[in-house]
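Q: Listed below, chain by chain, are the residues.
2 protein chains.
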Amino acid sequence: MQTKARSRNFIYTDWILIETQFDPEQLHSKETVFTIGNGYLGTKGSFEEGYPHALPATFIHGVYDDVPVVYTELANCPDWLPLVVIVNGDRFRLDQGEILRYDRQLDLRYGLLSRYLRWRSPSGNTIDITFERFASFADQHVLAQRCHLTPVDFDGLIEVQGSINGYPENQGFNHWEGLDQGKTDQGIWLQRRTRHSRIELGMGATMKISGTEASLQVSTAPGYPTLSMTYLAKSQQTVTVEKIVTVFTSRETETPVSAATEKLAHLPDYATLLKANEQAWDEIWQQSDILIEGDSTAAFAVRYNLFQLLIAGSRHDDKVSIPAKTLSGFGYRGHIFWDTEIFMLPFFLFTQPAIARNLLSYRWHTLPGARRKAAHYGYKGAMFAWESADTGDEVTPRWALGNDFYGEDVRIWCRDREIHINADIPYAAWNYWQATGDDEWMQQRGAEIILDAAIFWGSRVEFNPERQRYEIRGVIGVDEYHEFVHNNAFTNRMAQWHLEKAIAVYDWLVQKFPERATELEQKLKLTPQERFSCGDAMRTHWQDIIAKILFLHDPLTELIEQFEGFFQLEDINLADYQGRDRSMQAILGIEKTNKYQVIKQPDILMLLYLMRESADFPYNEKALQTNWDYYAPRTDISYGSSLGPAVHAILASDLGKSTEAYEVFMQALMVDLEDNRGNTSDGIHGATAGGVWQAVIFGFGGIQLTENGPVANSHLPDGWTRLKFKLHWQGLWHDFDLHQGLGMGHGALGMGHGALGMGHGNKERREQGDKGKTEITNAQSPMPNAQSPMPNIKGFIFDLDGVLTDTAELHYQGWQKLADEEGIPFNRQANEALRGVSRRASLMHIIGDRPYSEAQIEEMMERKNRYYVELIQNMTSKDLLPGAIALLDELRQAGIKIGIGSASKNARTVIERLGIADKVDAIADGYSVQQPKPAPDLFLYAAKQLGLEPAQSVVVEDAAAGVEAALVGGMWAVGLGPTERVGAAHVVLPSLEGVKWADLRTKLSNIAREKACSF
Amino acid sequence: MQTKARSRNFIYTDWILIETQFDPEQLHSKETVFTIGNGYLGTKGSFEEGYPHALPATFIHGVYDDVPVVYTELANCPDWLPLVVIVNGDRFRLDQGEILRYDRQLDLRYGLLSRYLRWRSPSGNTIDITFERFASFADQHVLAQRCHLTPVDFDGLIEVQGSINGYPENQGFNHWEGLDQGKTDQGIWLQRRTRHSRIELGMGATMKISGTEASLQVSTAPGYPTLSMTYLAKSQQTVTVEKIVTVFTSRETETPVSAATEKLAHLPDYATLLKANEQAWDEIWQQSDILIEGDSTAAFAVRYNLFQLLIAGSRHDDKVSIPAKTLSGFGYRGHIFWDTEIFMLPFFLFTQPAIARNLLSYRWHTLPGARRKAAHYGYKGAMFAWESADTGDEVTPRWALGNDFYGEDVRIWCRDREIHINADIPYAAWNYWQATGDDEWMQQRGAEIILDAAIFWGSRVEFNPERQRYEIRGVIGVDEYHEFVHNNAFTNRMAQWHLEKAIAVYDWLVQKFPERATELEQKLKLTPQERFSCGDAMRTHWQDIIAKILFLHDPLTELIEQFEGFFQLEDINLADYQGRDRSMQAILGIEKTNKYQVIKQPDILMLLYLMRESADFPYNEKALQTNWDYYAPRTDISYGSSLGPAVHAILASDLGKSTEAYEVFMQALMVDLEDNRGNTSDGIHGATAGGVWQAVIFGFGGIQLTENGPVANSHLPDGWTRLKFKLHWQGLWHDFDLHQGLGMGHGALGMGHGALGMGHGNKERREQGDKGKTEITNAQSPMPNAQSPMPNIKGFIFDLDGVLTDTAELHYQGWQKLADEEGIPFNRQANEALRGVSRRASLMHIIGDRPYSEAQIEEMMERKNRYYVELIQNMTSKDLLPGAIALLDELRQAGIKIGIGSASKNARTVIERLGIADKVDAIADGYSVQQPKPAPDLFLYAAKQLGLEPAQSVVVEDAAAGVEAALVGGMWAVGLGPTERVGAAHVVLPSLEGVKWADLRTKLSNIAREKACSF
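Residue numbers (the UniProt record's numbering), protein chains in the order written: chain A, 1 to 1015; chain B, 1 to 1015.
A short, non-exhaustive set of chain B residues, derived as facing chain A with CB atoms under 7 Å:
#, residue
1, TYR71
2, TYR167
3, GLY172
4, PHE173
5, SER219
6, ALA221
7, PRO222
8, ASP393
9, GLU394
10, PHE405
11, TYR406
Derived coverage of chain A by chain B (criterion: at least 3 residues anywhere in the stretch with Cβ under 8 Å from a Cβ of chain B; other residues may be distant):
#, segment
12, 166-174
13, 403-412
If you are wondering where the hints come from, they were derived from the structure by calculation, not from laboratory data.
We put the CB at the ideal spot given by N, CA and C, even for glycine.
With the sequences and hints as input, model every part of the structure.
A: Next up, the structure:
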C-alpha cells in the first residue's frame, strides 16, 4: 500500500520510503531522513556525487573529540561515499544537466538506500545511473556501494572515481589529522587520528567493475585517496561498479589500518555481502517489528522510527550510548541525555534486551566522570552529567554564545541544575532489572549506579527545620522554561523513589551477593565502619529523606504543584497564540517565560507517566485526570520539547481522548518524515522515536506489566485494524496480535468485562468496546499439527488460579487485614481498584501518600502474602469457579485426561481443598520444573505425566504467560479473559461458565482447518 | 659573513636565513619563520610534500569568516603548495626514507624560499630534489613554485602531482564551502566560498615540465584538483617542474575564477616571473632597508623583522590592516590591535608612507563598527574595537573558555575596558599627518577618526565634583595585569592629548577645509545648532576635560602613579623569580597578580616613550629616569607582553644603559628567529618587528624629529660599526649612514660637545664618547666629482642660523617674555634644557603640567615667534659666531665666492644687521625657492647665483636637512655640530672657530682621493 506525502515528495509503502523528486531546499533535512547505519556507525543520506552545500556525515559510536564551548562532540568520520561519474567529460551532478528521472528509496527492511536516476549531461548525453548503499548489519565494519551505469543514447568515455574523503567536517571543523595513506593490492587505505582524543581510524576501499574492461588507477591526493576506472561505454549496455569500504578505529583494535585492509582482502562480492546483511536484518525485525494495518502512514512511519533506533543502538560495545540525535546529525554534538534511558530504552528493553544492557552499562562506565562532577559541585556520590559523552564528565556547554558582537551572554544552567537525570538513570536500571531479571548485571553494574547516585541525593537535599521537611532547591525540572525552582515535584518524587529502590537493591545485594555488597560498601564508602543495617547512618538518612521530602500535592484534589510558587505565576492562554510557528520561549523571551504558567513539556504529567506502569504514588486515575486538565492546556506541546507529544499521546489515550491522542501521536510520529519542527537537518529525534514505540505499545496497545508478564489492554486508534508486536519479558517472548475487527463476536469476549481489573483505564476500555471491537487470533507461534486439519485432542491441562478457582477474595481478605493493622481505611469497594494490579501496586494504592519507607513496604508485602497463604487453608469446593466442575466432568466422560499446570507451590493443597483431587490424573506444580511460565516446561511436564504429545493437549489459561507457554510448547491454548491478556490463545473465552467440550472441539477444528488452508 | 645559531640549526648571512637540519620538534615554529608573502597574502613555510601534523596556511588580507567565541578570524585559504613527488612508487616524504642532505633557505632580498634535499627512498633510490617558491611582489595574485629533480643512482618512474588543497583548516576548521572546480587548457581551477562571510575565492594552477617528455593528467578529486605527470627518469639527468598558481577573491573582482584562469592563461614562465619579483623587491628594499655592520646577527635579524612587516603591509587595499601575528599564523585569529598603529606603523610611515596611509585608512573604514560599539556601551562617537577585523566591530572574545569540564570561566575585559586604543589610533593619525603633511588624507579621513574618537572621551569621562577633576574609571591600562583600575595615567594623559589634538585638527579643518568641517559637524553632531566656536558646548567640554583630567603625577619627583592605588599594592621583587620560564600571571594566577606591583609591560614608560619625540608632557629627562628606576624592575619584560622589550631598549639606550638596552633589544630582535617566548608557532610577533625598527632608528640611531626634519643623535651598540638607513619626511628622503669608527680623531668632532642641546641624552652621549667614537662619512647620495680625486672648489654657501650666527639667545628672550606674561617661573638655566628642542616641545617643557588647552598652546607658540622676529631687529656684528668673520675673510682672499643659503624670510635683514652684506656675493632665502631643505633647491639656487656648478660648491650647514640638501644637490658638505646630527656631511666640525680654508681644502681632497680608490 502506498501513501503520498506531497509536501515532502514522499511515498510510503509498508517498508520503503520513496522520494519522487529532488528538492534542493530540503537537502539537509533529507540527508537526515535517508540516514543508514548498523549500530556501529551512521551515515547520512548525502549523494555519492556530492552537491553544493551538502553535509555528508558518518558518525562512529564513541569517536568523540574536543571542540570549544561544548567540550566534545562526535567527530564526523572520513566520508566513504564519494563516487564520481564522469560522462564524456561532464561530471554527473544534479545541479547541472537535466534530471529526467529521480527516485530515492530507503528500504527499512534491509537498511538499503538506493537512487534511480536518468540524467542528461550538459553535452546532451543521457544515462541511467543507479546507486545503492548499505552499512552491513552482518559485519559492522563493512560498508558497501554499487552503481549501475547504462548509457541511453550514446557511446563514449565514462570515468568512475571512488574515493575516501579524509576531510570530513563538523560544521566546518575537521577533527582528523592525517597520519598516512597508501594503496594495497585491493585498493586504497587512509589512516587518520582525532586531534585531541587521539582515536585512530583506518579505512580501506576497493572498487570493481563488471560488464566492461577497465583498469584501476590509484591517485593519492593527500587525504583524498581515489580509485578510478575509465571505460568505453556503449549505448544500452549496463556496467556495474562495486565499491566496498572497511573501517576500524583504535577503540576496537590496536591497528585499525591493518584490520581494515586485511578484512578488505577477504571479503566476498557485493551480492554476498548484501545477502548476509539481509539475513541479519531479518533477525532484528523478527524481534522488533510492529505491524500496523489500516493506517498505512502510521504503519510505515512507526517502522521508520524503530529503524532509526535499531541503526543507532550499539550491539557490540557497552561503553557507548545513543545520542539525542542518534548517529544521524550534528545537533547536540552527539551528547547523551536522559532521552536515552527514559524515551529510547524501553524499545530495546522489550525487543533487544542485549542492547538495553549495553546502553545502561555505558552509564556504569561513566561513573568516574559522574563522581568528578559531584565532587566539583561539592556533593557526594555520583552526579550524572546532564549531557554526557565518552568520559561521563559534564559536557553541557556553559554558555549559549551567539555570533552577535554585542549579544547577551546566555548561561546554560542545565549542567548545574537539571539533576533529575540522577534518578532517571536508576529508574531505567531498575526497570531493566525488573523486566529481564538480569541479576548478574544488577549486582555487577546496576547496583553501583543506583547506590552511588543515591548517595548524591543524600548530599543534595537540604533539611528545612521550620517545615520539618527535606527540600531540593534551585533546580530545573523536566520543564526547562523555569530555572532555579524549588521542590520541583518531578525531581523530589523521583529522588524519593530512587532512594526507596536504593535501599531495596542494597538489601537484595547483601542477601544475594554479600561479597559484592561488601565491595561496594567499601568503594562507595556506604558504611565506613560497620555493615549497612537498620541502625546505619546512611540508611537512616535515606529513610528520613524518603519520609520527609517535600511534595506539593493536594490529597483532596490530587493536583500537584509543579514547583513552589508555580500556581502564583501569571497564567497564560495558549489559544491566544494559535498559529504560531515557534516555541513560547522564542515568543516571550527567556525571562518572561519564566514568569508564566507555560511549560515546555510534560513535567507533572511526565512523573505520572513514569509511575503509571507500577501505579506508584502519585499515580492514580484521579490524579491523572486532575493534573491533565490543569497542565495539558499549559504545555507548549507543538514547539516546546520534542519529548512531549508521545507522552501526551499515551496519557490522552488513557483518558479516552482518542482524537487528541492520535493527533499528538502523529506529531511525534512524523517529526522527521515531515520535519514538522523544522530541525530534522540537525538529526533524527531519537527520544521521539522511542516515545513513538511507547505510545504504540503502552498507549494504543495498552500493555500493562503484571506479575505474570505483559498484558494487553488495547485501545487502537480509529482505522487501525491490526497491531502486532512482540515483547521480551523475563527471558521470554510475548507475541501480541491485536485486532480491531469486524464484529465477529469475539470482541465481546475480550471486552467490556473489566475482569482485568486494572487500576485505571476501565472507563475508556468500555468506550472502546462501545465503538469498536477487538478480535483476537493466534499469535505468530508454532501451530500444533499444522499439517492435520482435525486436532486429535486427548487431554486438558488446567491452570489453577483464575481458571478453576479465584483467589481474589482471599487476596482481598489479606489486604483488609493488613490495612486494619496499619490503621489505613480500606474496604471491599476500594478493593475493586486492585483487580489485576501487582502486589506492589496494590499496596501503593492502599497506602496512598502515607510516608512509608521502602523497607516498610517490602515488609507489608511479605505480611499480606503470609495472610493469603493461611487463607488458602480454608478453601472448599464452593470456591470452584462457575462451569469448572461441569466441564471437568464432561471431559472425563469423553475420555479426556485431566492435568493441572500451576506454578503455585500450594497447588496440591488447593486441589484437595477444592475437592477435585479425584478428577485429576496429573499435577505439575511449583516443585515440578525450574523454568516458570511462559517457558513451556510446566505444561510439557504435565503432558508427559498424562502420557500425551503436546499437540494432543489443550491448555486452559487465564494469563498471557500461560498462553504463551502453551503455544511455545506446541499445545492448543484456550484463554480465559480479555483479548488484551490472552488474545494469543487459539480460542478466547470469558470464563468456563457454560463452556461445553463439544463447542470447544468445533472451534478448535475450525481454526485448524483455516490454518491448513493458509499454509 | 655567517653566524650559526646552533639551537635553531640556523645560519645567518646578510640576507639569507639558512636552516641546516630538519628538526620535527620545531615543525610549527619553523613554518612561521619561513613564511613568505607579498602584502596581499602570506603563506607559511610548510613543506610542498606535507608532513605529519603540518599546519600549512595561506592568509589573504581581509578574508575573514565567522567562528565561535572569537567571532571572526582570517580564514586559512586553499593551500597552493602541494607538490608530491613519487619516486619509483615511494612518495617523497621526510618522515620516511633517509635525509642525506637538507638545506632550507629564505632569501629576504627577494622573498624566495628554497630547499635543497638529497633523499634516499625506502626502496633505496637516491634523488636530489630542489624546491623553490615565491609570492610575487610584482603581481600580488601570482604564486610560483619550481622543483628540480635529479636521480643520483637510478633510472625509474617519477610521478609529480601538483594540487590545490581545498580543505585548508584553521585549527581544524575549514571555512570554505565548495562551489565548483574544473580544468582548463592551462590546468585546473577551484572555486570556494567562505561559509558565513560569503567571500568567494578562485584559484587556478598550471604545471609544466622540462628536461623530459611527460603528458599532463588532471584528476578531479572533489576539493583537491590535481595535475600530475609521470616520466621515465634517468640517473644524473635533471628535470624541472614549474607550478604557477593564481588567486583572486570577490574582494577584488566579481568573478574570481575567471580572473584567476585568465591571468593564468597569459603568464610568462617561472624565470620571467621571478625576475619581475626581484625588481619589485629591489624597489622596496631601496626605501626600507637598514644596513648594520659589525654585528652580523643583528644585521640579518633586523632585516628579517623588516621583511615580516613588508610582506604583511597591504599595498593595494586600504580596507585591511596588519594583524598582531601578521599573515603568518593563527594566533589572535587575524585580529588587529593597537600593535599596528603604535608599534608597526612608524616603520611604514618613514619608509613606505603609502602603506601607512592604507593602514590608517583601514581605521577610517571601520568607523561604523566603532560607532556601533560606542552605542552598545552607551557612549557617543566612535569607540574603536580592542580587537578589530573586517567591520570594526568589537571581536575580542568575551570568554577564555578552556576545555576543562569544570574549569573557571575567565571573562576577558579588554573588549569593554582597554580603551586607550581610542587615543592610540588618533595618535598614529596625527603623527602620520605631521610626518607626511598629507592634508588631503587628514581632511578626508584622519579628521573624522580624531574627532569622532574624541567625542567618545567626552562621554566616557566622569566629573568628580569632590575632586573637581575628570576621571576615567574602571579601565585596563597598557599593563593588562591589572583590571578595572581607575585613572590609569596612560589612558588619562592619552585622552587629554587626543582632545588637545582634536581641537587643533578641528580648527585647522574649519580654516583650510570649511566644507569638510561643516560636513563632519553634521555627521558627527559636533554642533547641532551652530558652528563650532569658542562658545561652543563641545569645545568647552573638551577644554574643560583637558584642563581638569586627573593625572597622578608628583611634580617634585616626576614619579607618576600607574593608576590610583598602584603604590598601595603589595610590592614584588622579580629577582626572586629568576630562572622562571613563564609570565608572572601564569605563576601567580590572575587574581593574585592583580594585587601586586608587577606589570605586564611598560605602561608609564610607554606613555613617556610616546611623548618622547615631541617631548610633550609628562616627558622629560628626569621623569624618564625616575619612572624607569621605579617601573622597569617591576616589569615582566621577558614573559609579559612581547610589546615590552623594544620600548625598554629605546629608553634604556636613552638612559645610557647600553648593556641593558642591547640585551633587551636582542630579546625583541630574536623573538621569532630564536622562538624565545615559545609561541612563534602562533605567528610572527608583528608589533615586536615594528618595535625593532623603532629601537634601531629612534633608539640606537637616535633619530629626533625636529622642525627641520629627522636628525640623528646616534649611540650605536658596541660592535656596530655602521648603521645606514633612509627616512621619508614631509615628502622627501633623508639618508643616514652612521658609523662608529676606529678612533680616527673625527669622533671627537662630533662628540662630547653637547652642542646639539637635546633635552635628554647628553649624559650618555658623553659616556658613549668616552668608550667609542663615531665617525661620519657621506650618505649614500650622489658623490660630487666622484671620478676626479681633486675637488675644484670655487664657492662657499653658508647657512645662516647656527653657522654664522646663533639665535639661541633671541629664542631664550622670546620664551622668557612669554613665561613672564604667563606667570610661569623660567630663567636662563631652565632655558638650557630647550636647546635643539622644537618650538612645541620647548613650550611644553616650560608649562609643565599646567592645564593649558591646545588652542592656548598654539597661541603661545605664535606669540613667542612674534617676539623672536622683533628681537632680530636688534642684532649687530657682535652676534656673529666665533671664527665666522675670519673664515669669510680668508675665503674672499682666496678668490672663493660667498653665498648665503637660508630658509629664513628674514635672512637679508639678519645679514645686514650682522654687517656682512658686503662680503656676500649671493643670497638664497625663504623667498627664493618653493621646496625647503632637505630639497637641494635653495643651495642650487645660490650656486647658480654664484655662477658655479654644484660640485664646485661647499655648503656649510648645522642641520641634518641642510647637509642632506647639499649632498642631494651634488655639493660638498661641511657639517657643524655633533655627528648624530650632521654625520652625513663630508667633513664634520664642531663650529667655525679656528677653521682655516687650507685645512678644510686638505680634508676635502683626502676624502675625494679615498672615495676614488673605493670606486
